[in-house]
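S.K.: Residue strings, one per chain:
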Amino acid sequence: EAGVAQSPRYKIIEKRQSVAFWCNPISGHATLYWYQQILGQGPKLLIQFQNNGVVDDSQLPKDRFSAERLKGVDSTLKIQPAKLEDSAVYLCASSLFSGDYNEQFFGPGTRLTVL
Amino acid sequence: AQSVAQPEDQVNVAEGNPLTVKCTYSVSGNPYLFWYVQYPNRGLQFLLKYITGDNLVKGSYGFEAEFNKSQTSFHLKKPSALVSDSALYFCAVFMIKAAGNKLTFGGGTRVLVKP
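In order, the protein sequences belong to chains A and B. Under the working numbering, the letters of the first sequence match residues 4 to 118, in that order. Under the working numbering, the letters of the second sequence match residues 43 to 157, in that order.
If you are wondering where the hints come from, they were derived from the structure by calculation, not from laboratory data. Some clues are possibly wrong.
[Claimed, not checked] Computed spacing ranges between beta-carbons, pair by pair: (1) A:L118 with B:P121: 24 to 34 Å; (2) A:Q20 with B:P121: 43 to 53 Å; (3) B:P49 with A:K74: 41 to 51 Å; (4) A:L118 with B:N97: 26 to 36 Å; (5) A:E71 with B:G104: 32 to 42 Å; (6) B:L154 with A:Q62: 29 to 39 Å; (7) A:S21 with B:N110: 20 to 30 Å; (8) B:S122 with A:Q83: 47 to 57 Å.
In this text the structure is predicted, and so the values were computed from the model without any measurement. All residues carry an ideal CB built from backbone N, CA and C; glycine is no exception.
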């Protein structure tokens, strides 16, 4: 079974530039998550999708971050414009459903450095 | 508010010795607890979870965790550590919310197993 795929793996940009991350979840997983993991901290949920609908985006800085999951499969996370404090690893995860206790499967992450 | 705490930033242990990684939680209602491991440049991998039932939960790679309700703890254990167990370990609590269910992670504990 293929895992969660993410690209790019690394990205370096200057502040005020824009950046986009892509995620392809495990086939058949209805729920998709984007997390931000700042160095030395645990992952923090940014947004959760159930199929192509947003379930929880309470922690997403909506003035600069946006995400979509068209057709309920792949997802993109965008930052526009980036700030220095956005430097982090962005993790995508998926699970079968959000309403049970199935484990989430994580991708390798995208390491973003904002200069 | 529901949260988890990992009181140790780093745990050092000699190969072959027992390994314990501590986690305490604060939740309203029944706790649903998880352990994940993160190897360098890789995403988080699920180790084990406690939902209900036996307080001793067995997971992947020889790890187990003991749920202790009176002490509100969920410590991760391995009887005999391997050098390959060196990684970052995260405890997490599964939160059931009206607006989506989510995992809230602790800050992580780095484990270093020395030969």
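S.K.: Now tell me, hint by hint, if it's right for this structure.
M.R.: Right, here's what the structure says about each hint:
Evaluation of the 24 to 34 Å hint for L118 (chain A) and P121 (chain B) yields a failure: the beta carbon distance comes to about 46 Å. Between Q20 (chain A) and P121 (chain B) the beta carbons are some 50 Å apart, a value that agrees with the proposed interval 43 to 53 Å. The hint said 41 to 51 Å for the Cβ distance between P49 (chain B) and K74 (chain A), and at roughly 44 Å that hint holds. The hinted range of 26 to 36 Å is not satisfied by L118 (chain A) and N97 (chain B), whose Cβ atoms lie roughly 49 Å apart.
Between E71 (chain A) and G104 (chain B) the beta carbons are some 41 Å apart, a value that agrees with the proposed interval 32 to 42 Å. Distance hint check for L154 (chain B) and Q62 (chain A): the Cβ-Cβ separation is about 31 Å, which falls inside the suggested range of 29 to 39 Å. As the Cβ distance of S21 (chain A) to N110 (chain B) is approximately 48 Å, the hint placing it in 20 to 30 Å is violated. For S122 (chain B) paired with Q83 (chain A), a C-beta distance near 50 Å keeps the hint of 47 to 57 Å intact.
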